Amino acid sequence: MASTSFTAKQRLVALAFLFSAALAFAMDRVKPFRSRFYLPLPAASVFFLLMTRFIKRDELDNRATLLIKWTFSTFVWTYWATLFGYAIFYCFGVKTLTPYHCLLSYAPLLTMEFRESRNTYYGPLGFISMRFLFDAPLITTGMILREVVGLRLFTPFASILDEDIVQGSMPFPSDVKTLVEKYNVKSVINMCGEYPGPKNHYKKYGVEQLWLPRVDTTVPYVSQLREGAKFIQRRKAEEPNARIFVHCKGGIARASCMSLTYYIVNKGVRDPKKQLVWMKSKRHVVFEGVADFHSIKTLLSGDEKAAAPGFVKRGLPKQQSGQDSFPRRLQKKKS
Numbered sequence: 001m002a003s004t005s006f007t008a009k010q011r012l013v014a015l016a017f018l019f020s021a022a023l024a025f026a027m028d029r030v031k032p033f034r035s036r037f038y039l040p041l042p043a044a045s046v047f048f049l050l051m052t053r054f055i056k057r058d059e060l061d062n063r064a065t066l067l068i069k070w071t072f073s074t075f076v077w078t079y080w081a082t083l084f085g086y087a088i089f090y091c092f093g094v095k096t097l098t099p100y101h102c103l104l105s106y107a108p109l110l111t112m113e114f115r116e117s118r119n120t121y122y123g124p125l126g127f128i129s130m131r132f133l134f135d136a137p138l139i140t141t142g143m144i145l146r147e148v149v150g151l152r153l154f155t156p157f158a159s160i161l162d163e164d165i166v167q168g169s170m171p172f173p174s175d176v177k178t179l180v181e182k183y184n185v186k187s188v189i190n191m192c193g194e195y196p197g198p199k200n201h202y203k204k205y206g207v208e209q210l211w212l213p214r215v216d217t218t219v220p221y222v223s224q225l226r227e228g229a230k231f232i233q234r235r236k237a238e239e240p241n242a243r244i245f246v247h248c249k250g251g252i253a254r255a256s257c258m259s260l261t262y263y264i265v266n267k268g269v270r271d272p273k274k275q276l277v278w279m280k281s282k283r284h285v286v287f288e289g290v291a292d293f294h295s296i297k298t299l300l301s302g303d304e305k306a307a308a309p310g311f312v313k314r315g316l317p318k319q320q321s322g323q324d325s326f327p328r329r330l331q332k333k334k335s
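Under UniProt numbering, think of the first position of the sequence shown as 1, with each following residue one higher.
Simulated from the structure, these hints should not be mistaken for lab results.
Treat the hints with care, since some could be wrong.
[Unchecked claim] Derived CB-CB ranges, DEER-like: (1) E147 - K203: 13 to 23 Å; (2) A8 - K230: 38 to 48 Å; (3) F92 - G268: 38 to 48 Å; (4) A237 - F92: 53 to 63 Å; (5) E147 - A14: 30 to 40 Å.
[Stated by the list, open to error] As a list, the in silico PhoX-like pairs of lysine-lysine whose alpha-carbon atoms are at most 20 Å apart: (6) K297 - K230; (7) K267 - K280; (8) K230 - K267.
As the structure is a computational prediction, the values presented were derived from the model and not from experiment.
We put the CB at the ideal spot given by N, CA and C, even for glycine.
Work out the full structure: start from the sequences and follow the hints.
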């Protein structure tokens with residue numbers, strides 16, 4: 001029987017979940033801790049440690065600002081998941097709020113870490129988990145921290161790759177002026193399926209956005225990437241001295257995939273791994289695994305009808321900018 005090996009992240013998330021479950025079990029039997037205020041603590045206590053691992057430190061962060069970001073993110077995420085779980089179970093007649101509801105905080109993390117690969121699209125439950133238990137609390141946290149407190153959750157914000165491309169994390173309304181004045185941005189490619197961007201502020205500052213929505217931690221479609229490359233080409237012809245801002249939530253994978261596509265399609269790059277190393281030297285959070293995305297391999301091979309190796313696409317809808325299709329899982333070919 002073949003042995004199954006787990007990555008360090010998989011082990012970390014699994015151990016955190018089991019420890020939180022044990023805390024929830026203990027709290028459920030201690031009467032003073034049955035107060036609703038304490039119910040998310042089993043997840044929050046461990047989630048705080050996870051946040052110290054997953055939230056990247058910005059060059060402007062000190063210990064105090066990091067502590068604020070870790071604590072606030074933990075508070076919002078775990079309480080959000082607890083109340084979301086309560087609402088779901090309430091619909092099925094379970095009206096008692098228990099410490100176990102907070103364990104729903106782990107649903108998106110388990111979904112992300114234990115799927116087969118990034119080339120696998122989420123099914124309905126995975127999509128719901130990512131959209132409502134991952135995207136919603138993170139964007140809420142990021143928006144409040146940025147617009148109210150003045151801190152940035154997703155860092156670094158913007159990294160200049162060259163005279164054409166600036167890659168970064170999702171911009172909030174107060175960031176648009178900075179993009180225009182500091183980075184000379186006149187165009188934006190938004191890869192977030194979870195966030196349409198500050199459209200009114202773009203209009204105010206004369207910025208044109210192309211929205212190519214994809215679920216976080218999934219691979220953009222080839223059609224989307226080609227549309228993005230054409231958009232960059234057109235906007236550079238219209239605004240030759242301006243830059244294009246390419247972003248997703250954290251400016252790590254989806255944005256890197258789009259930026260890499262620009263260099264492949266518009267600049268003739270044929271070695272994606274070497275190009276990603278260069279991109280990472282400009283932006284340290286760039287995900288070098290983008291080179292293995294099936295859409296990048298398809299672009300390089302020129303076979304637009306090819307699916308990922310060992311997979312076939314079933315019923316994937318035609319993509320249009322500004323519309324987010326319900327993701328379908330790539331299923332293995334039957335032998």
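Quick one: are A237 and F92 within 53 to 63 Å, going by C-beta? Holds, since A237 and F92 (Cβ atoms, about 56 Å apart) stay within the stated range.
Taken at face value, is the distance from the CA of K230 to the CA of K297 at most 20 Å? This hinted pair holds, its Cα atoms lying about 19 Å apart.
Quick one, are K230 and K267 close enough, alpha carbons at most 20 Å? holds (12 Å)
For the pair supplied as a hint, K267 and K280, confirm whether the alpha-carbon distance does not exceed 20 Å. It holds: about 18 Å lies between the C-alpha atoms, which stays within 20 Å.
When you take the CB atoms of F92 and G268, is the distance between them in 38 to 48 Å? violated (56 Å)
Are E147 and K203 spaced within 13 to 23 Å by their CB atoms? 18 Å Cβ-Cβ, so the 13 to 23 Å window holds.
Given the range 38 to 48 Å, decide if the beta-carbon distance of A8 to K230 lies inside it. holds (39 Å)
Would you say the C-beta atoms of E147 and A14 sit inside 30 to 40 Å of each other? The hinted range 30 to 40 Å holds for E147 and A14, with Cβ atoms some 35 Å apart.
Checked against the numbered hints above, the structure breaks only hint 3 and satisfies the rest.
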